[in-house]
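Participant: Start from the sequences, fold in the hints, and give me the full structure.
In order, the protein sequence lines correspond to chains A and B.
FYI, my numbering numbers position 19 of the first sequence as 19, with every residue one higher than the one before it.
FYI, my numbering numbers position 10 of the second sequence as 10, with every residue one higher than the one before it.
I should point out that these hints are in silico values taken from the structure, not numbers from a laboratory.
Just so you know, these numbers come straight off a predicted model, no measurement behind them.
Treat the hints with care, since some could be wrong.
[Stated by the list, open to error] Below, simulated DMTMM-like cross-link-like pairs (lysine to aspartate or glutamate); rule was C-alpha separation at most 20 Å, straight line:
| no. | chain 1 | residue 1 | chain 2 | residue 2 |
| --- | --- | --- | --- | --- |
| 1 | B | K88 | A | D71 |
| 2 | A | K56 | B | D165 |
| 3 | A | K111 | B | D165 |
| 4 | A | K94 | B | D165 |
| 5 | A | K30 | A | D186 |
| 6 | A | K132 | A | D116 |
| 7 | A | K108 | B | D266 |
| 8 | A | K133 | B | D165 |
| 9 | A | K94 | B | D176 |
Here is what each chain is made of, one letter per residue.
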Amino acid sequence: MTDRLLEVKSINTYYGEFQALFNVSLHVDKGEIVALLGGNGAGKTTTLLTISGLLKPRSGQILWRGNDITDIPAFRRVEMGLSHVPEGRGIFPKLTVYENLRVAATTKRAKEVFNDSLDMVYSMFPILKARKKQLAGTLSGGEQQMLAIARALIQRPLLLMMDEPSLGLAPKLAREVIFMVPKLRDELGVTVLLVEQNVALSLKVADRAYVMETGRIVLEGRSSELERDPRIKTAYLGL
Amino acid sequence: MDPEILTSAILDGLLIGGAYALVAMGLAMIWGVMEIINFAHGDFMMLGALFTFFLFTSAGLDPIISALISFAPIFALGVIVQRGVINKILDAPLLTQIAATFAILLIIRYGVQAAFGPYTRRLVSGYSDIYINLGFTTVPLPKVIIFVTSLIVLGLLYVLLHQTDLGIAIRATSQDRRVAQLMGINVSRIYDVTFGIGVGVAAIGGGLIALFYPIFPEMGGFFALIAFIAVVLGGFGSVYGAYAGGLIIGIAESVSALFIEPALKDVVAFLIFIMIILVKPTGLFGRGD
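Facilitator: What follows is the structure in structure tokens.
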């Protein structure tokens, strides 16, 4: 019996009258790393925003550990263990590094273990400890990404959704960030839903993947199978 | 010009500036966090003055204590207004927002007039006739009280915004409303508290202004305008900038009254406003929160 954390059932999300998602369905089981792949404008970010509750689907359901959370506001989903590192990192530039981490522990659950969590993220990312009193807006792109991940970890998530963590980073740093994902799973037991444009690297770290195009899921399967799929090879891997 | 006259004019303006600053800080905080211009701000201030007056005359409470107490009911009223009106227009076009907060202004102002009459009331207390002798000049105690209170409120707001979890959440929400929700912050609750504190602080200002200023239903109009100019001067949205803006307007008015017809001194505030808009529209201090 698998432990299903998240199940998205044919959601349709709109921006005004523009339909961005068409019957998107996906699921994530506990302990998995699942990648959501596709080009610009495919609907990956919209999918994550709908899962975290910042967007409301016009139809469809979002189940969290079997319970319908479609109508639950975003801030309550954090308390339930659903964390979202948004596109563009979403750090608060005019809060210090420490304040960014502190504000992540808004939920009761996260607040109770904040000091332990803080030690944990400081030992994972020593640079954040060194810069804790600095305004987050003064950090480099890579450091901001570390802060964004650290902030999500402070929330003690069951499921961590990361929206293009490698975006805007130098290739070496981008690699490092993506290869951090299996470490998060293995060492902290966090399940991960990873949105990426970097298909080749993502397939290396993910167990399973979904591929989106123009608001629809067009392919899904185990990463090892998708890596060999001719459609993936031509469209995304440049082979 | 006699330097003593100039010094006492500056001092008097500084003290009055404390009153302006009390009204302006809340206006700046509401704008900074919610991006709403609260046109009714001066009327919440007037409610504070009226509440203080009634607490003093009916219950015989010390007017300063009454002014501080007025924070609580006006805070509560602010939360109700935020939930009932402001929360529904946060994403509305600017004109809708202006119309809505202007409607609140009308309801409060003319509601008070209907309920308590259009009279001008004066709060005459034991503080009214006390002057503090500084050697070169004397200053009226009520103005000293309002200035000292403005400093204390400024300090309390600083501690709230920088040393408490609630304050950090308020600042986070002001920077990014969406990401704040991903932090687990209940943004509507932050708006409740922000609006409540903003108008509550103005109410304290109103209550203390009543120690030396007549109370009437339209009294908020003048102070709201001054507060608005102070907020622009301080760089839209910065609580500390608005505080400094309030003091600057107070001093400018008071000093200019030495040179021009005192009745025209209110014009000075608007001249400052026009100059700021022309020369440095981001305000003297930029926006720092």
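Participant: Now, for every hint given, state plainly whether the structure supports it.
Facilitator: Verification of the supplied hints:
1. B:K88 / A:D71: Holds, at about 19 Å.
2. A:K56 / B:D165: Cα-Cα ~29 Å, so violated.
3. A:K111 / B:D165: Roughly 10 Å between the alpha carbons, so the hint for K111 (chain A) and D165 (chain B) holds.
4. A:K94 / B:D165: With a Cα-Cα distance of about 15 Å, the restraint between K94 (chain A) and D165 (chain B) holds, given a limit of 20 Å.
5. A:K30 / A:D186: Answer holds: K30 (chain A) to D186 (chain A) is near 12 Å, not above 20 Å.
6. A:K132 / A:D116: Holds, at roughly 16 Å.
7. A:K108 / B:D266: violated (51 Å)
8. A:K133 / B:D165: Distance ~16 Å between K133 (chain A) and D165 (chain B) Cα, so the pair holds.
9. A:K94 / B:D176: holds (10 Å)
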